Amino acid sequence: MQYKLGELAEVINADLKGDPDCVISGVGTLQNAGSDQLSFFTNRRYARFLKSTTAAAVVLSVEDMNDCPVYSLVSKDPYLAYAKAVRYMNPEQSSDPGVHASAIVSVTASVHSSACICANSYIGEHAQIGENVYVGPGCVVEDNSVIGKGSRLVANVSVCHNIEIGERVLIHAGVVIGADGFGITNEEGKWLKIPQLGSVEIKDDVDIGANTTIDRGALENTLIEEGVKIDNQVQIGHNSIIGAYTAIAGCAVIAGSVTIGKRCMIGGATAIAGHIVITDDVVITGLSGVTNSIKKPGTYSGAMTITDNLTWRKNMARFRHLNELAIRLKAVEDKLDKSS
Amino acid sequence: MQYKLGELAEVINADLKGDPDCVISGVGTLQNAGSDQLSFFTNRRYARFLKSTTAAAVVLSVEDMNDCPVYSLVSKDPYLAYAKAVRYMNPEQSSDPGVHASAIVSVTASVHSSACICANSYIGEHAQIGENVYVGPGCVVEDNSVIGKGSRLVANVSVCHNIEIGERVLIHAGVVIGADGFGITNEEGKWLKIPQLGSVEIKDDVDIGANTTIDRGALENTLIEEGVKIDNQVQIGHNSIIGAYTAIAGCAVIAGSVTIGKRCMIGGATAIAGHIVITDDVVITGLSGVTNSIKKPGTYSGAMTITDNLTWRKNMARFRHLNELAIRLKAVEDKLDKSS
Amino acid sequence: MQYKLGELAEVINADLKGDPDCVISGVGTLQNAGSDQLSFFTNRRYARFLKSTTAAAVVLSVEDMNDCPVYSLVSKDPYLAYAKAVRYMNPEQSSDPGVHASAIVSVTASVHSSACICANSYIGEHAQIGENVYVGPGCVVEDNSVIGKGSRLVANVSVCHNIEIGERVLIHAGVVIGADGFGITNEEGKWLKIPQLGSVEIKDDVDIGANTTIDRGALENTLIEEGVKIDNQVQIGHNSIIGAYTAIAGCAVIAGSVTIGKRCMIGGATAIAGHIVITDDVVITGLSGVTNSIKKPGTYSGAMTITDNLTWRKNMARFRHLNELAIRLKAVEDKLDKSS
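Chains as they are written, first to last, in the working numbering: chain A, 1 to 340; chain B, 1 to 340; chain C, 1 to 340.
Okay, chain A solo, but in the shape it has when bound:
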């Protein structure tokens, strides 16, 4: 497909410095875009690439315009503007409707005629597959689960029984939704499993990354609100609630009965302990441990970061005695106070 630069400027609401009839046929990085490609500049780390770019045009901020050797699309939020251009040039493709001969669809399941059910997938009893849903190869949708309009299960996804998934939900390969929560209790040294009777509700416009797991609730449901974006290999425990438009980066670990507010950003590999409540608009940077609730919006951190191994060993050895160190400092202060 080909687009005119003027058309793109209009679509992304940018101010065009250049020829509106210039033909654009795709996007590329500053380093590698060719003369029919659009690029973008938002990260000063890559400033040197702007000056030598051979892209047809670059989406950027007004303050970077003079450094741009080619046409500019000037925007207040160039990354968002660029994103819109990419989305415009790469619309989501719909799949051909129909059930592949090798797919197994239970007789009591209901599959919309516009849905695409791929090879070797399985749809359980009384499951409901909505309009334009895509169920990729090797996916399993178990009994009584509902997949809303326009949702996509990429490949080898497992949706357990009685799960409710909204519209336009994108579920990447290897995801498991609705495994039993980790509910056990001890009886004379042995663990007794507690049946997990709740479900998982996933609202509209949620994305779920590859190999992520979201457990079903013990009694009530685990709930992922509208527009939540979840990266790969995230674990969400039973009865947790993730507020609308929150983003969770890769390998974050959210234990059971956690409540996260709206518009939060949870960094990669961050772990949140059970029963924690996090208010709206909280940012937690990566690899942090959260063991107390967060009542005030803001940015929170708790990761240990690297040094050379020798320094780390010495510092960790001291850390193990940090409390004593503090007590010794207090003693020194007291002595000085007395002597002064």
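In short, the hints are calculated from the structure, not lab data.
It is possible that some hints are incorrect.
Facing chain B, a subset of chain C residues (Cβ under 7 Å, in silico) [claimed, not checked]:
1) Thr29
2) Phe49
3) Lys51
4) Leu80
5) Val86
6) Asn156
7) Ala173
8) Gly261
9) Met265
10) Asn309
11) Ile327
12) Ala331
Now the stretches of chain A that chain C is said to cover, found in silico as 3 or more residues with beta-carbon under 8 Å [what the hints assert, rightly or not]:
13) 103-114
14) 189-200
It should be emphasised that the depicted structure is a prediction, and the values quoted were computed from it without experimental measurement.
Ideal placement from N, C-alpha and C gives every residue a C-beta, glycine not left out.
Please arrange chains B and C on chain A, whose structure you already have, making use of the hints.
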């Protein structure tokens, strides 16, 4: 199904304060249970919900009895008692025996007539599927593997070759058992893979959470003892041994050749380095790093926890010089000692 | 199969102290190897087992020769020598060529006649499956992807569209290659997904552990160079580049646009933040957080390690005030300086 309160009190060995003929048809949370539902109270975080509950009856401790506005089932261990009630009201369902037409069962495999082999699953050469085993849709059981009586593989599970799985083992979706351990050695800058000749043995009554991976041993077997409960996305390296009735929470990372004792509890996202030995009855809280063996039962911790980002930055900057700080403190102490 | 000790000594280039005609039929640990098995000794942790071994022969260093009660195969690098012996005695088995009747191969796909396409697998449009490739049960290879000569996809692997995989690549069960990178941008409080137009390139001789995920690039490709070895449950974000012969242990988290050099070793559960550049020959120990680029080869660490829970609580409480502690120490030093 409906149950009488008196019947439930007997099943869970609780002291009933109320009408034994009261009809119970399910369980619910204190907040939401209706007048035909049983609830429980064990976490003081939720004390306000007890006072206003509309449940038919609540399982609780004797000291909370007076705060309960409805019938009580008084127990010394109310969570355990509640668990037993839920289990009684929700017995495990057996699946219809038979091999689905789309399942591929090798001719040399042996499948018990009571087993249920679901759509698009695969059973390899000489594999043995025991009595009442459930192999869910999309599961793969490779050559020579044995699945013991009453075990369940939920969906898209991969059991590699020559694996031995005991009775009543529950394996959630996406689990991989018996991938090669990470055994490599370096030859002039390149890695040489060491064939992994061991297997995985999983004893009776083990539960394994979604997308967990348990590697096969290098020479001898990786071993998961009886009654171990493993949450989602846990990694267990080759030749590790997990002692009976140990519980491992989500996303814990257990490297190779680790030995964990009986009745331990390993917190979520905790990582245990290779060749570590942990004795019985050890609790390790979440997000901890374990780099030394643990010889004494007790509770151990090593997670860094969050503060606001600014405080964290300042503290981490100081931490990088903690050793110097300690040396400076010593110098101050010496100076004071001399001057006094 | 049976081997003579002299033959093995030659294969692994070791100095044999013993009978070259001694028959070896396998390998075992020092503790358990029988009189027809080869063992090895490299880890002093297990010194006591060397003295009482009943193996036929042991691969070891010259300095340990005198402690060995049985035949010795003396090598400068006994672990490498042992690895070579194991590889020699356990050559990779080739699978019978052919497409299983239950596999679905698109008519436009090209599958080499020597490839083995197993039960319930799926090969998409225009995909290319090379010579001697093994596509295990339940695997999905989507449209336009290429699997090079001799590569193996074990089971339930998902290779998304337009991915390029080299020769002799080993991909364990549950792996997902080419899911969309986590590219989102915010528009008035809601997240907008940025189409991920790049691919994943995996070069020759790469191993990828179970349930690992490697995302496709946003514009250009995510790249795994030759001979990289990746353990289980590793996450590699979009546009990251992993240099040749780097090894990445289990559950490491590599965010987007990270560049890791050649011959690095990344410890288990270590997390590397986005846009970080790590030079060649860097070792990062496990559970570390990397938030700055590393320009010098060497060993780096940043994990917090456990103490008993009480000590940890006290130390963490002090850590939250470490900056103040340092300021107080400075004040004490100043006071002492003035008074002296």
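To see whether the hints hold, each was checked on the structure:
1. Thr29: holds, 5 Å
2. Phe49: Violated - the Cβ of Phe49 of chain C stays beyond 7 Å from chain B, reaching only about 13 Å at its closest.
3. Lys51: This hint is violated: Lys51 of chain C lies away from chain B, its Cβ roughly 19 Å from the closest one there, beyond 7 Å.
4. Leu80: This hint holds: Leu80 of chain C lies near chain B, its Cβ roughly 5 Å from the closest one there, short of 7 Å.
5. Val86: holds, 5 Å
6. Asn156: Hint on Asn156 of chain C: holds, closest Cβ of chain B at ~5 Å, below 7 Å.
7. Ala173: Holds - the Cβ of Ala173 of chain C comes within 7 Å of chain B, reaching about 4 Å at its closest.
8. Gly261: Violated: closest Cβ of chain B sits about 13 Å from Gly261 of chain C, beyond 7 Å.
9. Met265: violated, 9 Å
10. Asn309: Holds, about 4 Å.
11. Ile327: violated, 9 Å
12. Ala331: Violated, because the Cβ-Cβ distance from Ala331 of chain C to chain B comes to roughly 11 Å (cut-off 7 Å).
13. 103-114: Coverage by chain C is violated for the stretch 103-114 of chain A (0 residues, Cβ < 8 Å).
14. 189-200: violated (count 0)
Violated hints for the displayed structure, listed by number in ascending order: 2, 3, 8, 9, 11, 12, 13, 14.
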